[in-house]
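Both chains are sitting in their own frames, so use the hints and assemble them into the complex.
Going line by line, the protein sequences match chains A and B. Residues in the first sequence are numbered from 1 upward in steps of one, following the numbering used here. Residues in the second sequence are numbered from 1001 upward in steps of one, following the numbering used here.
If you're looking for bench data, these hints aren't it; they were derived computationally from the structure. Do not rely on the hints blindly, as some may be mistaken.
[What the hints assert, rightly or not] Below, computed lysine-lysine pairings styled on DSS-like, alpha-carbon distance capped at 30 Å:
| id | chain 1 | residue 1 | chain 2 | residue 2 |
| --- | --- | --- | --- | --- |
| 1 | B | K1300 | A | K302 |
| 2 | A | K397 | B | K1300 |
| 3 | A | K43 | A | K302 |
| 4 | A | K394 | A | K220 |
| 5 | B | K1237 | B | K1267 |
| 6 | B | K1253 | A | K394 |
| 7 | A | K3 | A | K441 |
| 8 | B | K1270 | B | K1074 |
| 9 | B | K1003 | B | K1013 |
| 10 | B | K1237 | A | K199 |
| 11 | A | K335 | B | K1333 |
| 12 | A | K333 | B | K1013 |
| 13 | B | K1046 | A | K394 |
| 14 | A | K397 | A | K220 |
Single-letter residue listing:
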Amino acid sequence: MLKLFLWLRYLRKRRIVFLSITAVALSVSLLMVIASGFTGFIKAYEQIAVDFVGDIVLQPPRKFPNYPVLLDRLEQLGVVEAAEATLEGQGVLYLGKGNVRAVRIQGIDLARAARVTAFKSSLLRQKDSPDEPSFGMAGEPNTATGFVGIAVVREPDEETDEYDFNAAEEMIGKQVVLTTGSVIEQKEPSSPPGETQFKRRTLQFTITDIVFTGFYQVDKNYIFLPIERLQKTLYPEQQPVAELIQIKLSLGADAESAETQIRGVWQGFVDDQLGGDRYLKEFVEIETAVEMQSQYIGEIRKQMGLLLLIIGVVSASVVVLVSCIFYMIVTTKRKDIAVIKSCGTTSASVCWIFVGFGGCVGIIGSGIGVVLGCIITENVNSIERWISIVSGLKLWKSSVYMFSRIPNEVNWFWALPIVVSAIAAAAVGALIPAIVAARTKPVEILRYE
Amino acid sequence: MYKLILATRYLLKRRITYFAVLAVALCVFIVVVVMTVMAGLVGEFKQKNHDFSGDCVVGSESLVGFPYYEDYVKKLDASELVEGVSEVIRSYGLLSLQGRDRTSGVEIMGLDPARHSRATGFGDTLYHRRDDIAQAFVPSYDANLPGCILGIDLALERDPNGEYAYDSSPRRIGFSISCFPLTARGALAGAGTALANTKTFYYSDHSHSGLARVDDSIIYLPFDEAQALCGMSGQTKRINAIHVKFKPDVPLKAGCEEARRLWSIFKAEKANENQAYLLDTVTVQDWKLYGRALIAAMEKEQLIMGVMFGFVGIVTVFIVLVVFYMLISHKSKDIGVLRSIGVSGFDIIELFSGFALMVGLAGSSLGVLGGWQFLLRINSIERWLFEHFEFQVWDRTMFAIGDIPSAISPRVLAMIVLLAIAACLIGALVPSWQAARLKPAETLQVNQL
Chain A
1 MLKLFLWLRY LRKRRIVFLS ITAVALSVSL LMVIASGFTG FIKAYEQIAV
51 DFVGDIVLQP PRKFPNYPVL LDRLEQLGVV EAAEATLEGQ GVLYLGKGNV
101 RAVRIQGIDL ARAARVTAFK SSLLRQKDSP DEPSFGMAGE PNTATGFVGI
151 AVVREPDEET DEYDFNAAEE MIGKQVVLTT GSVIEQKEPS SPPGETQFKR
201 RTLQFTITDI VFTGFYQVDK NYIFLPIERL QKTLYPEQQP VAELIQIKLS
251 LGADAESAET QIRGVWQGFV DDQLGGDRYL KEFVEIETAV EMQSQYIGEI
301 RKQMGLLLLI IGVVSASVVV LVSCIFYMIV TTKRKDIAVI KSCGTTSASV
351 CWIFVGFGGC VGIIGSGIGV VLGCIITENV NSIERWISIV SGLKLWKSSV
401 YMFSRIPNEV NWFWALPIVV SAIAAAAVGA LIPAIVAART KPVEILRYE
Chain B
1001 MYKLILATRY LLKRRITYFA VLAVALCVFI VVVVMTVMAG LVGEFKQKNH
1051 DFSGDCVVGS ESLVGFPYYE DYVKKLDASE LVEGVSEVIR SYGLLSLQGR
1101 DRTSGVEIMG LDPARHSRAT GFGDTLYHRR DDIAQAFVPS YDANLPGCIL
1151 GIDLALERDP NGEYAYDSSP RRIGFSISCF PLTARGALAG AGTALANTKT
1201 FYYSDHSHSG LARVDDSIIY LPFDEAQALC GMSGQTKRIN AIHVKFKPDV
1251 PLKAGCEEAR RLWSIFKAEK ANENQAYLLD TVTVQDWKLY GRALIAAMEK
1301 EQLIMGVMFG FVGIVTVFIV LVVFYMLISH KSKDIGVLRS IGVSGFDIIE
1351 LFSGFALMVG LAGSSLGVLG GWQFLLRINS IERWLFEHFE FQVWDRTMFA
1401 IGDIPSAISP RVLAMIVLLA IAACLIGALV PSWQAARLKP AETLQVNQL
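Excised from the complex, chain B in its bound form (with noise of 0.2 Å):
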């Protein structure tokens, strides 16, 4: 009890530990504005991955694809645990506006709009044809005409809020697209100028993935013309990848090892065909797997800010040990006393460390609590700075963000807490081992009453 009414005491009458508190509450505040936008950010990033490439890719990295698909298909479809399955075609092509000089390299993603909806976030992202998927590569004003569907970025601009400037139909536009069709041996099929294939498309619909590598590059075509395009709609009919979802109540492990031993089944089935040793290419992955090269890249980042942070915190730990030891020189007699009366050096740290628990969990408070404060206007704040200053944290033209992610993570938060208390812990370890090790008989000497 004496310990508890010490450690308050302390925390209460000496003006000294408002210094500690204030900076491990400085340090939190900080600390949990960075880690909860750059948490934010990542989050969303892997979640619009997610989204983008359902829960797992049974596919290959090579533009050949693979054959014999659609009994694969067939046993997913078949399988209790998945929801929804979409056959892809992907390949490299290049896109030419009607009437304009500029020609642009882009990606291929031949799909099944429905089907395509079902195994990943697809629908969500379209515009004009949100409500009816299925006719997503019809352009409305002419359904006889072949549409295609481009990654928002190619279709639209964005002005400097960030906010593309829709229209309330898709433009009658016309694109050339060209690309190589290749051959189950990897080779060009034709020879000459029938070295690629091109056809004409017409603009139906544009789709916001939120992913800047996918909307700005990606065009969407409807799978039997991309097929045919890409030269894979031969007697053997061949595609790159297949998108799965699984259901909800199954878990993503189980899911992709379902996914995996249908395939391990299916490729023993088609071991004597001819195109057979297209299918040691395919690999089944999850979509964190997936997606990997980019998801690294972005928690790679946030751990980076998170041990820049760390050496920041050094310092709170430093203030720390400061604060306690100038209390504990000043509070030299006190402890002689207890000493005196027969509490033990262990009881001593316990005190001290107490304190320091008290002090951390102030300081995060305080912390936690003006945090939670700016995040809940963060985006506020910044809208106002660039109506006066034109300062934005992101230029929204140049970066695929919209507002700053402001919710905060309990997980993040509980952690952050956590380490602050553990700074405060360990920078009061040295003086309140010191002074458990203080002799009653010195400090009590009349010479240092």
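Only chain A is shown next, with the shape it has when bound in the complex (with noise of 0.2 Å):
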């Protein structure tokens, strides 16, 4: 009770403390902004990799035929609700007078990247519709169609990063030009066996959609056809083949035990229907969405504890804050110490005041470090947005930074920890001036001089 009174008595009359408490929750703002962002960019980017390619990818060391039958095996698998076959490739779009970009092509089936990846919400116009997405134009079937990247057709903003999406959308019903290309095998007489020459092929199809997934890398860069269209495009000659299964995995499905299965109907899909091929069966890689992003994330996650690093170090300055205020306030009421040990409190007591003291300041200042850290974090985009408005400078690109917005989600695993090492410090920086006032000798102080 004495403890809690002299601690609420020292809050209120001592103001010097309050600056403990602003350094306390500045630091720990600081330190939550930082780790909430930098956790939050990662999130987005795992979580943009599995809507993108679904939670599992199967990527053979080349292009395979039958895919069809693979796809059957894969989703008669329990761990397994769906999967798809995409077709990849490289081109370049014309899109108008002097309008020509390089893209990145993927063959989809649409139904089934529906059912795989978050795709459909990422279609502009057919995103809120009931039905099934659809790459066809109304009444005409057999016309070449295809989905492009919003900034593929439509860059954002130079000043406020934002897309004109209703711009975009006007592309819709245009017809573009795509040049690509494949590599086949000579079949001149004269040519030798095996040699193979690059093949050109161009296709005109006609915008049915716009993409638009937030993610700048993928909405800058790629176009979208049935894969049946790309592979008679690229193979007109050969049956159909797929270069990359995506799976999606059930509800509660674990993804190690869901690996092995899968690879284990490779062996067999490779065994059956593509002549045992040991090159196929040891070169294929199985990996989650999240694997596959692992070395880039590696990256980031050691940006983020350097970061943390080098903050944490100099906001470790607050132990020696603590300490100054606390060093101050004990010199200042050593009568009133004196007074408390001459009632019999031990020496122990005094000290423990002290030191809980800190903690209280510690525990004080990261409260209201943790509140600021959150609203800040919470309103990071209109924070962005009015620095830009007042300062004209733009902080935040999504050509630069792949994301349209700011991550904004307050990370609470990394809260626990900086609260804690918070109020450690502010307790640590009580320690000396707490052991002083222990040391206080009553019979010295109280002395009428």
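This is the structure in structure tokens:
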């Protein structure tokens, strides 16, 4: 009770204590904002990987045929909810007068893609439609159609970094020309066996929807075509092939066990359908979407760790601040301490009063810091917009930081160690003054001079 | 004189001031290291951009380009301010390695290597033909084959140390390059399968500019070949840009003004030509404006880091404030004596401000010394960490960074030291003002002594 009384009194009477509370709050809020920002970015990056490629990706070392058989077998596994085959390529897209873009082409089965990935939610025109998404144009089933990423047709505004969705949607219905190519085996009698040649292919298609994922790399670089159309364009004289299998797992399925089962299905498929090709069996990569990004995400985590370390080291000077303030309190309150000791309070209790007060300062400061950190993190996009309006400086651009919006989810997992460290730092800072207070001799202090 | 004596005495005798000095030193140390590295990275990036584009770029964003450039180039060549001029073709194309079933979208840059090396730092980026730039497009294994120069990341792999596996001479590799020829109206030249031009070039050298976006996406072709491939070599030839280097003693602004003046004259002369409308899309930009999208992003990062450490610096202000507050509380008798012998309030403020200046100088000096020593060894420390713990600050296989920049900029250093001193002066302001307001009669009372 005495401790609580003294803590409250020092809080009310010694205004300089608020300085240490402010310092703790500032440090905690800065660390929380940094940790939340980085972890939010990592989470968004991992999520976009899952949204774009599904839970697990099966990538053989080269293209392979008969993939519908593989898809059926995979979907028979209890751990697999849906599977989709894709074909990838690169090309150059002619959009209009003088407007030519380098693009990455993905051939997809749209019905399957909607089950494996979150592709439908990124279609500007069809995302809210109750029907299954479709490449087709109404009334023209034979017309070649496709989707393009929004930044392929319209870059975001230079100043606001916002897309003009209306202008982008005006591209729907427009005919564009894609140049791509494939390597085929030479068939002339005079050619040596196995000699290959790059064959240029062009495809005119009509844009029937715009893709906006919020991830700049996809929105800027990708176009999507029906896989059958892309197969016929690239390999007109061959049976349909696929390059990648994207898999969505059933709810609650364990990824590691699923990978093992999928590998078993693949091995069986290669034995039955592809002549038991050892190269295909040994060099296939089966990994989760998150594992595919592990190198890049590892780098982001490292940068986060370094920044938190640097800021943490500087914030450790809060220990010094608390120490100085408490030392000041102890030296000015010597008579109080002497009176308390003369009433029978032990040195340990006196020490504990000040260490506990240090902890209180840490708790109050951390609490304010956490609240401040939450407010800043959750409103970071509004703050960034405000800074942009006031200063004309656009801090966050999707072309630089990949996402259209700054991740703004508070990471409570990091909040706990930050708060605990802040409280511990404040308590440690109070230690030396607490020892000085504990060593006070009432006789010397209360002597009348 | 007494101010200097007292300030020095407080600095040396009062151990509490060591805390303030250490706090300032710690903050200055961290800010010096972080800002030096950031400034080094930004400076290197800017320099690489400058080397890539030359001093000034006269060009059009449109892939159609502009015509009648020969006359303008003659004017530039004749100008006393200009040292080098290089006409350039820029477009997008599809690159395919002979015999491989992979295509990639690339940016094509058609140039004359000797002329381009006089206008930019291109010659210094070459490897095999560095000493004979005019032969850059001549493969050493067969002088009759049309050569091409690849961005280094298109040609070679990097090891974990960031080192490339150089060959003693270029390997005989053929690349098939396809791109769209465009008419002066921006429409596709040709129809059907002739919509794209394709030609095979042979690897003759690689270029290492140090810019990731350049080294992993640009292929350099002989000027005439690129002009033909992009459909710009018709009756009225077109190009996309002219890179200009001014003489060393010519200020950048003056040089660009001259280029702009010559362009206005040239444009007026060509006003009645058939394709004069294409000259309206051409701009004259210095290298900073030309690369602003990327340079601005780096400078913004630097600014954000600076602001973040500014918040951290607030903790330093608090520590100095508390230390001075404590000091002044203990020195109230001294202050009372000084006031009683006629020292004014302003002199008291000056005394403690001078003391704050000494704390700032002492702390800054320690911090700068520590930072300088750390920066001298930063790359050895990173190499040691990599050898023993496989830890690198930046993964060299992912980031286009060589050694960590460690050259301290005097400008950056001066700014940090000034800010540290300013922080100390601000921190000492309130306590100094309170000290100045102390009344001798109150402080020198018997019961206060």
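Here is how each hint holds up against the structure:
Proposed proximity of B/K1300 and A/K302 is supported: the alpha carbons are some 21 Å apart, at most 30 Å. In summary, the hint linking A/K397 to B/K1300 is supported, as the alpha carbons are separated by about 11 Å, within the 30 Å threshold. Taken as a hint, the A/K43 and A/K302 pair is honoured in the structure, with Cα atoms around 15 Å apart against an allowance of 30 Å. At roughly 20 Å between alpha-carbon atoms, A/K394 and A/K220 fall within 30 Å of each other, so this suggested pair holds.
Distance restraint check for B/K1237 and B/K1267: the Cα-Cα separation of roughly 16 Å lies within the 30 Å cut-off, and the hinted pair is therefore satisfied. Annotation: proposed proximity of B/K1253 to A/K394 holds, straight-line Cα distance about 26 Å (limit 30 Å). The hinted pair formed by A/K3 and A/K441 meets the criterion: a straight-line CA distance of about 19 Å does not exceed 30 Å. Simply put, B/K1270 and B/K1074 have alpha-carbon atoms about 14 Å apart, close enough for the 30 Å limit, and the pair holds.
Pair hint B/K1003 plus B/K1013 holds up; C-alpha atoms about 15 Å apart against a cutoff of 30 Å. A distance of roughly 28 Å separates the Cα atoms of B/K1237 and A/K199; the hinted pair therefore holds under the 30 Å criterion. In summary, the hint linking A/K335 to B/K1333 is supported, as the alpha carbons are separated by about 20 Å, within the 30 Å threshold. Distance hint between A/K333 and B/K1013 is fulfilled; the C-alpha atoms sit about 23 Å from each other, no more than 30 Å.
Proposed proximity of B/K1046 and A/K394 is supported: the alpha carbons are some 20 Å apart, at most 30 Å. With a CA separation close to 13 Å, the supplied pair A/K397 and A/K220 stays within the 30 Å bound.
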